Amino acid sequence: MDWKKEIQILEETLEQLKARYADRIDLKTLEELRVKFLGKKGPIKALFDFLKIAPKDEKRELGQAVNRIKGLFESWIVEMRQSLEYHEEEIRDLTVPSRLPSLGHRHIITQTIDEITSVFKGLGFAIATGPEIEQEYYNFTALNIDITHPSRDAFDTFYLKIPPDKKKGKFLLRSHTSPMQVRIMEAISPPVAAIVPGRVYRPDAVDASHSFMFHQIEGFLVDKAVKFSHLKGVLLEFARRYFYEDVKLRFRPHYFPFTEPSAEVDISCQLCKGEGCSACKQTGWIEVLGCGMIHPNVFKHLPSEYEGYTGFAFGMGVERLCMLKYGIPDIRLFYSNDLRFLSQF
Amino acid sequence: MRVDIDWLKEFVDFDWDLVQLADRLTMAGLEAYYGQEDGIGFIEVEITSNRSDWLSVLGIAREIAALKRTQISQPEIEQIAKGQVDYRLSVQEDCAVRYFGLRIDGVKVGPSPEWLSRRLRAAGIRPINNVVDVTNYTMLLFGQPLHAFDFARIEGRELLVRRAKKGERIVTLDGEERLLTPSDIVIADSNRPVALAGIMGGENSEVGQDTRFILLESAMFPRVDIRKTRQRLGINTEASYRFEREIDPEAVERACFYAAKLISELSGGSILGYDVYDKYAPFERIISFPMEFPLEYADVNIPLEEQVRILTGLGFECDVKEGIIDVKVPSFRQDVSLKEDVLEEVLRIYGYDKIPMVMPGIGLNNLRGRYSLKERLLSEIRCKLEARGLSEAISFSLISEKEKEALSLKGLLSVENTISQDYLFLRPSAISGLLSALKTNLSYGNKYIRIYEISQALTREDLCVERDVLSILVVEEELNAAFRAIKQIIEDILGFTDIEIKKAKNKILSSFAEIYSNNKRLGFFGKVRNVVLKQLGIKTRDVVFYLEVDLSELLGLWEDRKLVYESIPLYPPVERDISMWLGGRTNYQEIVDIIKKAGGDYLRTIELIDVFHSPDGRLSYAYRLRFYHPDRTLKEEEIDPDFERIIEALKDASIDVRAV
Ligand SMILES: [Zn+2]
Numbered sequence: 001m002d003w004k005k006e007i008q009i010l011e012e013t014l015e016q017l018k019a020r021y022a023d024r025i026d027l028k029t030l031e032e033l034r035v036k037f038l039g040k041k042g043p044i045k046a047l048f049d050f051l052k053i054a055p056k057d058e059k060r061e062l063g064q065a066v067n068r069i070k071g072l073f074e075s076w077i078v079e080m081r082q083s084l085e086y087h088e089e090e091i092r093d094l095t096v097p098s099r100l101p102s103l104g105h106r107h108i109i110t111q112t113i114d115e116i117t118s119v120f121k122g123l124g125f126a127i128a129t130g131p132e133i134e135q136e137y138y139n140f141t142a143l144n145i146d147i148t149h150p151s152r153d154a155f156d157t158f159y160l161k162i163p164p165d166k167k168k169g170k171f172l173l174r175s176h177t178s179p180m181q182v183r184i185m186e187a188i189s190p191p192v193a194a195i196v197p198g199r200v201y202r203p204d205a206v207d208a209s210h211s212f213m214f215h216q217i218e219g220f221l222v223d224k225a226v227k228f229s230h231l232k233g234v235l236l237e238f239a240r241r242y243f244y245e246d247v248k249l250r251f252r253p254h255y256f257p258f259t260e261p262s263a264e265v266d267i268s269c270q271l272c273k274g275e276g277c278s279a280c281k282q283t284g285w286i287e288v289l290g291c292g293m294i295h296p297n298v299f300k301h302l303p304s305e306y307e308g309y310t311g312f313a314f315g316m317g318v319e320r321l322c323m324l325k326y327g328i329p330d331i332r333l334f335y336s337n338d339l340r341f342l343s344q345f
Numbered sequence: 001m002r003v004d005i006d007w008l009k010e011f012v013d014f015d016w017d018l019v020q021l022a023d024r025l026t027m028a029g030l031e032a033y034y035g036q037e038d039g040i041g042f043i044e045v046e047i048t049s050n051r052s053d054w055l056s057v058l059g060i061a062r063e064i065a066a067l068k069r070t071q072i073s074q075p076e077i078e079q080i081a082k083g084q085v086d087y088r089l090s091v092q093e094d095c096a097v098r099y100f101g102l103r104i105d106g107v108k109v110g111p112s113p114e115w116l117s118r119r120l121r122a123a124g125i126r127p128i129n130n131v132v133d134v135t136n137y138t139m140l141l142f143g144q145p146l147h148a149f150d151f152a153r154i155e156g157r158e159l160l161v162r163r164a165k166k167g168e169r170i171v172t173l174d175g176e177e178r179l180l181t182p183s184d185i186v187i188a189d190s191n192r193p194v195a196l197a198g199i200m201g202g203e204n205s206e207v208g209q210d211t212r213f214i215l216l217e218s219a220m221f222p223r224v225d226i227r228k229t230r231q232r233l234g235i236n237t238e239a240s241y242r243f244e245r246e247i248d249p250e251a252v253e254r255a256c257f258y259a260a261k262l263i264s265e266l267s268g269g270s271i272l273g274y275d276v277y278d279k280y281a282p283f284e285r286i287i288s289f290p291m292e293f294p295l296e297y298a299d300v301n302i303p304l305e306e307q308v309r310i311l312t313g314l315g316f317e318c319d320v321k322e323g324i325i326d327v328k329v330p331s332f333r334q335d336v337s338l339k340e341d342v343l344e345e346v347l348r349i350y351g352y353d354k355i356p357m358v359m360p361g362i363g364l365n366n367l368r369g370r371y372s373l374k375e376r377l378l379s380e381i382r383c384k385l386e387a388r389g390l391s392e393a394i395s396f397s398l399i400s401e402k403e404k405e406a407l408s409l410k411g412l413l414s415v416e417n418t419i420s421q422d423y424l425f426l427r428p429s430a431i432s433g434l435l436s437a438l439k440t441n442l443s444y445g446n447k448y449i450r451i452y453e454i455s456q457a458l459t460r461e462d463l464c465v466e467r468d469v470l471s472i473l474v475v476e477e478e479l480n481a482a483f484r485a486i487k488q489i490i491e492d493i494l495g496f497t498d499i500e501i502k503k504a505k506n507k508i509l510s511s512f513a514e515i516y517s518n519n520k521r522l523g524f525f526g527k528v529r530n531v532v533l534k535q536l537g538i539k540t541r542d543v544v545f546y547l548e549v550d551l552s553e554l555l556g557l558w559e560d561r562k563l564v565y566e567s568i569p570l571y572p573p574v575e576r577d578i579s580m581w582l583g584g585r586t587n588y589q590e591i592v593d594i595i596k597k598a599g600g601d602y603l604r605t606i607e608l609i610d611v612f613h614s615p616d617g618r619l620s621y622a623y624r625l626r627f628y629h630p631d632r633t634l635k636e637e638e639i640d641p642d643f644e645r646i647i648e649a650l651k652d653a654s655i656d657v658r659a660v
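In order, the protein sequence lines correspond to chains A and B. Each step along the first sequence adds one to the number in this note's numbering, with nothing skipped, and position 173 is 173. Each step along the second sequence adds one to the number in this note's numbering, with nothing skipped, and position 209 is 209.
Chain B on its own, in the form it takes in the complex:
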């Protein structure tokens, strides 16, 4: 809201220049900017959502008054007698709290005087005529939106505040036809809606050059309904802006009388009287505020008289007894309901900058344990991945239908209110995000793509539960290289526990396998199938490997891991190499298991030292075995029996030992 300085000065006396004024208001919580137009200074304020009273000249003036430790002078308002009116007013339950409908006859519509037009223009409101302008002027002054109807165009001499009927339509003052629903509140005559309550008037009852008879509305409508209608129809007006926050219920009457008086002054009409619907119970709230509270809660010692002056300036009445201020809350400050609210009022006017800065002695913090463990695990994993050349990605947690289909994701949660078809479903892991990052990077010709993301699994099973998932994507030119890169990462981050890798089938990934530890599934990996890449529009000849690890399962294992020192052999080992042809389905691990089982007490390590592909397509592995004695140097011949046993065991398992 923008307001002329000279208008403010009608109600409060201050000697600050524009810069000081804007600064003081801003530092009291009312963000203010300043400027000049036609040689007259103005300030523009941005209110916080709890302070709709600031949407008025009087509200801003009160703020200045409190800062100046003074009080505002109130605008002059003459009481108007109710009198006899020539129409019938009725209000449907819950459609208004207060409704004043005041009649003025014999107005002569014309342009407003310059002083009034100028103040409207300064506030960004276009002057129209001396009736409509007064309603806007009064709204700026009190924060109470008003509306003037051309009474001659109200049919049936009846005004009804009611819910709209299904299918009912109104052409609003902006020329738009609006289709209404029963949740909207309208002002209607005996035939049709003539205004959209609290938002905008109707064209059918607009005040124009020929208008002689006026019906002036000043009302309080339920704010939530106003907001819903306003949002549905996408209209934002000065009136709806105020109504959907909170207006001062006690200003409804005052603003009505003030405007009526001004209209009759400017356009020569005479006031007939008014009809009123009133369900407003006068607002009463008294808060006991200990004068010591600012000291107890903010370390500032503010003299009692100063606290009282601040509160009085803001419009609170104060009654002091024995160190307690009984603070009477005015109707325009219903946001204040606790002593902490009163404290904020005192502190912000007194100045937050006068509150000292003190370091608290933090008591024993009871929040420790698992959280810090998780933090350590994640930090360790990140370091290891980065050391392997993986960069961290952060991608959107919502995915499109296309991604969902391409990745065969089922049973996903979705959002009610989507902002775009690209962001419909909650994702269980970041595979979609990493693939989309891959696409981005390929399109820029970026090389060496290795990325990871840590994200929460957002699934039905994890409602309000935090389950972290690690997703990893590695691109290599060749399948085996990609597998070995992934395997290295698996060993890096899962190496502290015994894991088992089991081949399985998967629609999205080939070379698919699952990773288990103690029968718990820790994750899986595989090559992203070309058909999937194609569906997602990713063009590459390289091999894209994906690995996923359930970090919450991992955390459990990591938490339980026992690090115990194991003695290091002091004496040199005896080494034996052995190589063999791999028949049928035998693999590296099976052979290790056979050797271990047959190896005897001295066998400590088994190492793969060579892999050989023969020209006829056979595969050979060479292992190096190390034997140690804990207390002395072993003699070569001492391990002959052990080694013999190993060879026998391999032969028993039909393994073709090549050389020893």
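One chain only, chain A, in its complex shape:
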């Protein structure tokens, strides 16, 4: 018997089997192959039989070769059997769309409010909300907005068609979230740090950049010895966390009746790093909020326990920040509730 030839044929056969059944084999075929090659009537058994009668000088070499080829067949069978146990049906098309309904989307205004308020929560502020129907006293008087101030005109405030309150004046839709400064401090002892998001109303005709209803976020902190430098510190920390890490702030003196000193705050434009681009109208800066130290006349309207306290306040328009951040060109998109808009965020 030319056992060398036999072994070589077996080796070649195994390679062919491996190639042929690389992807897949069924259990029955595998068993048939096992019997065919490793069974009592198989070629390997025949080689072992021949080993017994082989010439002495070939025995050692033949023995090793036969055992090796037997081992190769056995391990292939084991390997294939294992792969059969783990075999399952696989998804054919991974690009198929997911199942409906998909998740709903929170309005981008709410998401922005959540994001901003959570930054301030992290700084120790508490979140509060307040009534949208307000009174002249809270919306104006207590905030040092003089009776002759233009913002008290019907051109700038929605007054309600009901008789006024004897003490607190006419009812109106609040024109800013600042009345909550007074409402909160009437109810809560100092120190207090609050962040107040909400809807506000001003009788502007609706167009691409105006709406009679929009959202503001008001914040204030009142404690012993609160300084202008603290206002700057808190707003820088906010800007770093909300806008971007190495943002720069610019405080421009401004006028608000309820703060003194007052400022408008610009952030350095992230797109052009202050070089000037279309996003920042070539100035390198983008206005984001108004702020200041709470006016002493506001404190005059607060309970006497607030004597000796100072504080700062700030306010920002949510729609404006959203439009800046996401490149939304028209304020009306926020209130259209078109799902093609809502589901982008």
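Quick caveat, the hints were computed from the structure, so don't treat them as lab data. Treat the numbers as computed from the prediction; the structure is a model and nothing was measured.
Here are some of the chain B residues that sit facing chain A, going by a computed Cβ distance under 8 angstroms:
no., residue
1, Ala-298
2, Arg-348
3, Leu-413
4, Thr-440
The beta-carbon is built from N, C-alpha and C at its ideal position, and this holds for glycine as well.
The hints should help you fit chain B with the ligand onto chain A, whose structure is shown.
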């Protein structure tokens, strides 16, 4: 306001280029832009509402002076003797604070010299003639609006500052006829109004080419009246813009003399003298400003001399004693009344950028409790709704008459001043907004419409009270699917409390029911009737379900809820299934109640496992009951008595048990 650089340089010395100048002014609070015209640089400023003194060349110059730590040089003004005038001036109570009427005779009206016309043009004012131009030029310089009358056209040699008579009319210089009301202030001669005070002159007394005799007006009118008239008539002029803010009462006289002198210089007239009405009490205000205040209130240490230089440059007189600066406020800065106001002046000129940024140590914040609870409840509700595929809408809180009628909303609040008929009434909930969102989405062919909105109830009962309402709109192809979707949402958000759903009648919603918990009404739901959809112009064949929940009631329940651990059965249950035909009015819950009552100690859960509609129209429910023993594994036969009892109880209630 726009002003030539060379004009500013007449009063203050500075070496900044236009870019620097605009930047320095902006950073001091006077928003400034720059440009060039005819090779001469100008800056344009946007003032804040408290700083009308900036509406003048001198005001802007003072700002620059303070930034340069210097002072402005004042324009030269020659005193004019009162003399004898040939007319009678009278002013009605409250129609003016000061009124100077100065007479010039023999003017020769012609074009103004180029230097003057150019400065007017730069400020956006069209040159007219050497009389009118001087009044405008002087206004730009001092911020004091002036007016020149053709004295020959003043009838009766009389000038009266008074309230307009009802029905009185005047044709203003722009050629418009204006109908006046008694709240307007006019300047009148013995017959008719000749000017609308503080706003615009009348055509009937306009200075023209042939004018020889001039009456020059320099006055201070009550600003609120000027604003009201201006708003009512819809006119906005350089004069009204200044008057309705605040003018410098002490500039009234100076501007008058300055202009008179310039008119006579340019047009050759001679000044006769003036008559004056004067109710102005000289303004006096001194504020004690501790020099340590900038350090205490803003963490900046500004040397005393520098603080004084800044304030002096701005026109405040300073008197320093023992660390206190007594700051005398000038008449053109009456907006400054507290030491905090003075501080702002010092800080803004010194530079806000030099104030350090410091994180405060926030003391114990006393604002906690209910607010944070509400925030958690809302956030949880939002997450659950979004997980069910609902997107959040935000819609306008004001609605139209049509929406109000279609939704049968009664007793709504409305706004006095509407901007549009679409936004008249305050809404109690967002149903109108969600329906309008539905309409929008249908029109764009958007599929799978499920939306919610959280809004405040803006009703008579909720004046100045915050009551939040959750509105939900779900669209499905079929009634039962829509109901089950809504029910799932109800269980999601109200599942923490025991609720009861009671059928009721409603004009807007069919399949209407109210949701109660402990006899408190938490909300309601139902299918929006087709007739309502039709009235609102919504075209759909689908079923539109609406659910409303009073979040403030819910918050109360959520606040009181008690989460206490309940032990989990350790041993396997014995299960029994039972199915029955539902007769008459019986429903799922009634059967559960009967089973529970009869079930005994081991019965722990009752589950609906099958609903079967027979071909003859009967309905069958199958329930699976699970029995547990707390301490050991139950044997099948141990629950036989319990199960028997349940079947008996069902039979007693005339329920047709099909199979067990
Ligand atoms: Zn930029």
